[in-house]
Amino acid sequence: MSADTDSLPDVPGLDHTTVTGWGRTAPTAARLIRPRTYEEAAAAVRECGARGGIPRGLGRAYGDAAQNAGGSVLDMTGLDRVHAIDADGGIVLCDAGVSLHRLMEVLLPLGWFVPVTPGTRYVTVGGAIGADIHGKNHHVSGSFSRHVLSFELLTADGEIRTVVPGTPLFEATAGGMGLTGVILTATIRLQPVETSLMSVDTERAADLDDLMARLSATDHRYRYSVAWIDLLARGAATGRAVLTRGDHAPLDALPARRRDAPLSFRTSRLPAAPALLPEGLLSRTTVSLFNELWYRKAPRARSGQLQRISAFFHPLDGVPHWNRVYGRGGFVQYQFVVGHGQEDALRRVVRRISERRCPSFLAVLKRFGESDPGWLSFPVPGWTLALDIPAGLPGLGTFLDELDGEVAAAGGRVYLAKDARLRPELLAAMYPRLDDFRALRAELDPHGVFVSDLARRLHL
Amino acid sequence: MKDAFGLPQSLLVLGGTSEIALATARRLIARRTRTVWLAGRPSPALEEAAGQLRGLGADVHTVAFDALDPASHEAVLGKVFAEGDVDMVLLAFGLLGDQARDEREPEAAVRVAQTNYTGAVSAGLVCARALQSQGHGSLVVMSSVAGERARRANFIYGSSKAGLDAFAQGLGDALHGTGVHVMVVRPGFVRTRMTAGLPEAPLATTPEAVATAVELGLRRRSETVWVPGALRVVMAALRHLPRSVCRRLPV
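Those protein sequences? They're chains A and B, same order as listed.
Residue 395 in the UniProt record's numbering sits at position 395 of the first sequence; the count goes up by one each step and never skips.
Residue 186 in the UniProt record's numbering sits at position 186 of the second sequence; the count goes up by one each step and never skips.
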């Protein structure tokens, strides 16, 4: 709420706060409520009013998934208890507002790791299910919801339902962007680890074809695999990349001095990015310089390097508020997937991005494994490319529309947790189960209690 | 709902036959806009404008709206907002008047002032309130460089735009932090029906150029947009000219 609005009294919205996603585009105002108990959450859902409500975790969705203009946004981070850990069986029961960071702090000393982690630890369990997130191990382990044994869902009618895999409500909620209800708790199966370090192999790929060949040939040997790709490289070097792949290091891979505390979870954080940074810090020049250095500093081939979990999975978490480097205008992340056999579409998209000279320094290519059960889950077997682009880049909207065209024509899709700009007409082609999702919502939530800016924009 | 680039899916045009507004609507329809409300006095021109926008694939409705009847604004505009979210309101109605005649006929001058200023105050406040309840939306107000410094040649129009401009800026400040974005657009001389037959001023522009500037302003969430951009510097200088010099300027 802003004191400036005092001059317009008795107007709805005075208790509102502006909210954006991680990309800091399209701010809208909503009543931000932070329930501390399940009862408070239920009351918030009951009282969220004509413009509905949407749960929000740590706000890492890039676009407008956890915004609800004029309505309520339920900040779930107040529900943050880890209730029970089965240290023998590797199962945890926790509140939806618990972050993966917190789970790592609690579970690693017991020899367990989260089954799936995205590029940041600062996401909540509820958000991980709602966006059905994936990580570098998707080709082996699938998405997050595959490891969820059950969750409790607060639905629009105020009931709390226990939801298990294999049911329509589970499949609508996994990847359902919070639109089926508020997840309160979840039971998750964990990954056993002997140490808190990663054993990492690094290699360079000279161009896109070389990269795809390497990923196709040897991905199955690694639990975790990802490639950073230089989208500013042109000509013969188009799509050059650095592959980092690995697994949790076994105890005997550690040097003797580190075997005393093999499971300690250590992270380091640099100072936060300042709140006010000029636009255009990430220009073609600075980004291509960064990309050149990044590519050159990577070893041509190195194996068995020990890295901390934070360095391997979450390098950007080391700089709090790193999203500010894009300045006031914010940025969009574009992530799509095209199936196996659609390599030409991927090549065309990479060539177009590289020819257009998009200043993108965080581009990542990965091979997905089998599809996941969620109706709106993003992964399908094939190739996924994710890149960040400053939102202020001239002509970006039209350019991304053209890329959407390529992706849709190849039977691919874009990731809703990243989206802030998709043309709504393309959604049904990209997500064939969309009608099932809409039908389930219409039945479960006839008055449209759960709604978000994303849902309004894409008519979910 | 707007997207990451501030592009609206639904648009309400106040002054539905304004050439600048229609050029803007065409541009936005080519991007994301699917629903358009054209508000204006019922006329064949309004229906024709609606037909043209329909031809571009938008779902277009016309609304009977009279800037000179502020008592009706709440009801007329309330109905539009009741149909669903309006992502952008383009306040584009205005009368240029005829300076020489208006100086002789105060009633005609008052009509210019009432249309451009009080009509906009009323419609602007009604829309601001509705947008604030939505928690989002852009209110784009067509001001003019003529309001930046009133000139001998058109100070009646200029003073009405000066009032509108100040009102819109204040409204933008009042709505700061509410999710509603108010953008004041100050075009220079735009070649339209309204200015047909008038001597063209330097830095003259087109409705299409204004539309482009509006799209850019939405993306940047600008508070003030000059069209063309060079006018910002020109007017900054002009603003500080002594009266004695200013009144002798040929423009």
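The hints are simulated quantities; they were obtained by calculation from the structure and are not laboratory data.
Quick caveat: nothing in here was measured; it's all calculated off a predicted structure.
Check the hints yourself; a few may be wrong.
[To be verified] Counterexamples of contact, computed for chain A against chain B with all Cβ distances above 10 Å:
hint, residue
1, T25
2, P27
3, V82
4, M212
5, G318
6, H340
7, S371
8, T398
9, E406
10, R457
[Said to hold, decoys possible] Distance ranges between label pairs, derived from CB positions:
hint, chain 1, residue 1, chain 2, residue 2, range
11, A, T285, B, E48, 48 to 54 Å
12, A, E402, B, E48, 42 to 48 Å
13, A, E47, B, R243, 57 to 63 Å
14, B, G84, A, H83, 39 to 45 Å
15, A, P394, B, T206, 17 to 23 Å
16, B, V234, A, E402, 35 to 41 Å
17, B, A196, A, H459, 41 to 47 Å
18, A, R347, B, A196, 50 to 56 Å
19, A, A439, B, D173, 42 to 48 Å
20, A, A84, B, G84, 42 to 48 Å
21, A, A409, B, E47, 37 to 43 Å
22, B, D173, A, L149, 39 to 45 Å
23, A, V325, B, M235, 33 to 39 Å
[As the list claims (entries may be wrong)] Some chain A residues well away from chain B (every beta-carbon gap over 10 Å; in silico):
hint, residue
24, D219
25, P271
26, A391
From the three backbone atoms N, C-alpha and C, an ideal C-beta is built for every residue, glycine too.
Here is how each hint holds up against the structure:
1. T25: violated (4 Å)
2. P27: violated (6 Å)
3. V82: At roughly 34 Å from the nearest Cβ of chain B, V82 of chain A sits farther out than 10 Å, so the non-interface label holds.
4. M212: holds (30 Å)
5. G318: holds (26 Å)
6. H340: holds (30 Å)
7. S371: holds (27 Å)
8. T398: violated (8 Å)
9. E406: Holds: least Cβ distance 19 Å, greater than 10 Å.
10. R457: violated (4 Å)
11. A:T285 x B:E48: 48 to 54 Å: holds (50 Å)
12. A:E402 x B:E48: 42 to 48 Å: violated (33 Å)
13. A:E47 x B:R243: 57 to 63 Å: Distance hint for E47 of chain A, R243 of chain B holds at roughly 59 Å.
14. B:G84 x A:H83: 39 to 45 Å: Taking Cβ atoms as reference, G84 of chain B and H83 of chain A lie about 42 Å apart, which means the hint holds.
15. A:P394 x B:T206: 17 to 23 Å: Cβ of P394 of chain A to Cβ of T206 of chain B: about 20 Å, so the range 17 to 23 Å holds.
16. B:V234 x A:E402: 35 to 41 Å: Given about 37 Å between the Cβ atoms, the range holds.
17. B:A196 x A:H459: 41 to 47 Å: For A196 of chain B and H459 of chain A the Cβ distance comes to about 42 Å; the hint holds.
18. A:R347 x B:A196: 50 to 56 Å: holds (53 Å)
19. A:A439 x B:D173: 42 to 48 Å: holds (45 Å)
20. A:A84 x B:G84: 42 to 48 Å: Distance hint for A84 of chain A, G84 of chain B holds at roughly 46 Å.
21. A:A409 x B:E47: 37 to 43 Å: holds (38 Å)
22. B:D173 x A:L149: 39 to 45 Å: violated (52 Å)
23. A:V325 x B:M235: 33 to 39 Å: At 34 Å between Cβs, range holds.
24. D219: holds (32 Å)
25. P271: Fine: 27 Å to the nearest Cβ keeps P271 of chain A off the interface.
26. A391: violated (6 Å)
Figure legend: structure checked against the earlier numbered hints; hints not met, in rising order: 1, 2, 8, 10, 12, 22, 26.
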